[in-house]
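J.: Protein chains in written order, with the numbering used here: chain A, 127 to 228; chain B, 127 to 228; chain C, 88 to 217; chain D, 88 to 217; chain E, 446 to 580; chain F, 446 to 580.
The set of hints was computed from the structure by calculation and includes no laboratory data.
As the structure is a computational prediction, the values presented were derived from the model and not from experiment.
Any given hint could turn out to be false.
Some chain A residues judged to face chain F by a derived CB distance under 7 Å, without partners named [as the list claims (entries may be wrong)]:
id : residue
1  : 145
2  : 148
3  : 149
4  : 223
5  : 225
6  : 226
7  : 228
Result set (DSBU-like, lysine-lysine): computed pairs, CA atoms no more than 35 Å apart in a straight line [claimed, not checked]:
id : chain 1 : residue 1 : chain 2 : residue 2
8  : F       : 514       : B       : 201
9  : E       : 523       : D       : 89
10 : E       : 528       : A       : 172
11 : E       : 451       : D       : 117
12 : F       : 528       : A       : 207
Residues of chain E placed beyond 10 Å of chain D at every Cβ, according to the derived structure [claimed, not checked]:
id : residue
13 : 502
14 : 523
15 : 548
16 : 555
17 : 570
We put the CB at the ideal spot given by N, CA and C, even for glycine.
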Amino acid sequence: MAMLHTVNKSPTDRNTLESCIRLAKKGGSVLLIEDGVYGAIKGAAKADTVSNAMSGLSFYVLGPDLKARGISEDKIIDGIKVVDYNGFVDLVSEHDTTQSWL
Amino acid sequence: MAMLHTVNKSPTDRNTLESCIRLAKKGGSVLLIEDGVYGAIKGAAKADTVSNAMSGLSFYVLGPDLKARGISEDKIIDGIKVVDYNGFVDLVSEHDTTQSWL
Amino acid sequence: MKLSVQINEGPYTHAASDTAYQFTKAALEKGHEIFRVFFYHDGVNNGTRFTTPPQDDRNLVNLWSELAEKHNLDMVVCVAAAQRRGIVDPDEAKRNGKDGNNIAPGFRISGLGQLIEAGIQSDRLVVFGD
Amino acid sequence: MKLSVQINEGPYTHAASDTAYQFTKAALEKGHEIFRVFFYHDGVNNGTRFTTPPQDDRNLVNLWSELAEKHNLDMVVCVAAAQRRGIVDPDEAKRNGKDGNNIAPGFRISGLGQLIEAGIQSDRLVVFGD
Amino acid sequence: MSETKKFLYVNRKAPYGTIYALESLEVVLIGAAFEQDVALAFIDDGVYQLTQGQDTTGIGVKNFSPTYKALGDFDVNKIYIEKESLEARGLTLDDLMPLKYEDEDDDWAEKDSIHVVSSEELSEIMDQSDVVLSF
Amino acid sequence: MSETKKFLYVNRKAPYGTIYALESLEVVLIGAAFEQDVALAFIDDGVYQLTQGQDTTGIGVKNFSPTYKALGDFDVNKIYIEKESLEARGLTLDDLMPLKYEDEDDDWAEKDSIHVVSSEELSEIMDQSDVVLSF
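With the rest of the complex left out, here is chain A:
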């Protein structure tokens, strides 16, 4: 089943989230980890890019990384699912391939 993409950098620091969204094939999934979780916040700079991409891609965010950064789940863009490390492992096994956008 499709591809899992991980993004670990803040969209206001680097271009990885945008490149990932540009090149991820529809039907795939994107998991935001580490500083990538800032891309999941409502009302932040690239929030529209993420919202628009959600028609073709499923978005996930790593909960422990959100908590570490003091981001409560009610600040997350609607439709992004929060997963823990077990959920990360499940996403990897449910998708055929994982691509890390470094």
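Place chains B, C, D, E and F on chain A using the hints.
T.: What follows is chains B, C, D, E and F alone, placed relative to chain A:
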């Protein structure tokens, strides 16, 4: 005399060049080094940002880093001066303070 | 499922090693097999026993060594990357004329072929980096 | 003029150490005084004598050691950053119970106060990093 | 060594994804003993360092955010946050930890260390600095 | 070990500023011996790795760009460059080194290894890969 700013990252990879230009005080200088030299190329993504900033800031680019990346000097935005490591040292000593945008 | 993990950054400076550790631990606890953990680029710096992190923080090198011992993990440090960065085992020390070594327990130094093999043999390869 | 240099990244992975080396060499050749070269963050990894880079590439650790010897440079590796990353001199080895050390010639391990002092004492401080 | 210089610590990186925020704080704490004129600037993703409610239990990493609250006790009380950086991230001052200090010249009155400033004001502050340490 | 997988090496970083481009190439060269189906993608600043006329004498660093030209001899001849990335950097194919290989199935005719593809085409190529190594 004013401040010397160094930028060492490509403007299509990170936001450092834009932040530097937003926050550098007029009258100061910007030296592009390492992957920052890609910001000096005519016609590239952020070339207009640089050109517009040149009314208030002096721009320099490190020649050895240009050569390493195969960028000939005729591709450089008009008005950006090419310096070598000696010129880098001179810029540091001619300005009161150096700020590295990392 | 058979998973492999690649780690491209050293401990502490980037979160890569932390995230990879939590991921690997979770995968093992869920019953997956970890075929190999491959340390590349600055990732080789996870394999030095000379670190002494502050007492009130995690000791990443020890965490990896302990996880390897508990689950019999194959943790490979890339030899070419290690030579550039100064990670040395007794064999490498002899070969390169070094007067000591710093490899941590559970890590072994080997070639890049081990990464390709991990890609071929594993159902999934997950890369952690900068 | 009295200059100091701060280096935040290790050798090879980022250009910081290369650029800082070329800058420092040029400054010395122009007759400037280098008050101190301070290695912080992953920059401490410039100070290990265990590296063996490929023969056809530069040996950054040796280049720094040679520059230090020639110009009597004060090259300081931050102790806190070094402990996290496994850079050890004989004193640190004894203090932290390590069975060896890897500090390269010309480097010394000391505290962050040396960086602040460099900022105070020098006419200019130039930072090289990621 | 009797000279006093203006030190500016520039923080542009988010916490935990990389170590720069933590190791910058370590320099600030050591530097506080040198009786220089110290200021901190938080720009771009650096503003994320000061968010409230950081809880690192889940990632197994030390939570160093409480240290920011101790800065006032070390006479580090000039904390400049760029308004534009906050806004671009959808943040307000309420999202950040309150940082206070006691002003010894004003009968130990408790005052705010944080000053939200415009790009233009910050650019002026930078320009007045003698030593800029960037993280 | 008899199974053949599709390996995709994704290169997104400029050369020399960091080591990722060089160490990625080292993996590709070693990987070529494993007789897998290998492709390279150059995206974003990764396209800068292939520019003509690189001369590193001045920075004292090894120039590894000639190695790309040798890839064809190692049967690495599927080099995909994202058109959008090239254009955003004001580059055309003429700015890049020509990379060729000799096609043993076509009487050793010399052919281009480089294929400039759209984001959409590249996205399809990525999706078909079994193992993605990112640098």
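J.: Each hint: holds or not?
T.: How the hints compare with the structure:
Nearest Cβ of chain F to the Cβ of residue 145 of chain A: about 6 Å, under the 7 Å cut. The hint holds. With a least beta-carbon distance of about 5 Å to chain F, the hint placing residue 148 of chain A at the interface is held under the 7 Å criterion. With its C-beta approaching chain F no nearer than about 5 Å, residue 149 of chain A sits inside the 7 Å limit, and its interface hint holds. The interface hint given for residue 223 of chain A holds, since its Cβ lies 6 Å from the closest Cβ of chain F, which is under the 7 Å cut-off.
A cut of 7 Å between beta carbons decides the hint on residue 225 of chain A: the least distance to chain F is about 4 Å, and the hint holds. Using the Cβ-Cβ criterion of 7 Å, the hint placing residue 226 of chain A at the interface with chain F is satisfied: the shortest such distance is roughly 5 Å. Interface restraint check: residue 228 of chain A against chain F, minimum CB-CB distance 5 Å, threshold 7 Å, status holds. For the suggested pair residue 514 of chain F and residue 201 of chain B, the alpha carbons sit about 24 Å apart, so the restraint of at most 35 Å is met.
Between residue 523 of chain E and residue 89 of chain D the CA atoms are separated by roughly 28 Å; this keeps the pair inside 35 Å, and the hint holds. Of the supplied pair hints, the one linking residue 528 of chain E and residue 172 of chain A holds, its CA atoms being roughly 18 Å apart against a limit of 35 Å. Note on residue 451 of chain E and residue 117 of chain D: the hinted pairing holds, with a Cα-Cα distance of about 28 Å set against a maximum of 35 Å. Of the pairs offered as hints, the one joining residue 528 of chain F and residue 207 of chain A holds, with about 33 Å between alpha carbons and a cut-off of 35 Å not exceeded.
The Cβ of residue 502 of chain E sits about 21 Å from the closest Cβ of chain D, beyond the 10 Å cut-off, so the non-interface label holds. Every Cβ of chain D is farther than 10 Å from the Cβ of residue 523 of chain E; the closest lies at roughly 17 Å, confirming the non-interface assignment. The claim that residue 548 of chain E is not at the interface with chain D holds, since no C-beta of that chain comes within 10 Å of its own (minimum 24 Å). For residue 555 of chain E, the requirement that its beta carbon stay farther than 10 Å from each beta carbon of chain D is met, with the minimum near 28 Å.
Every CB of chain D is more than 10 Å from the CB of residue 570 of chain E (nearest about 17 Å), matching its label as outside the interface.
The structure agrees with every numbered hint stated previously.
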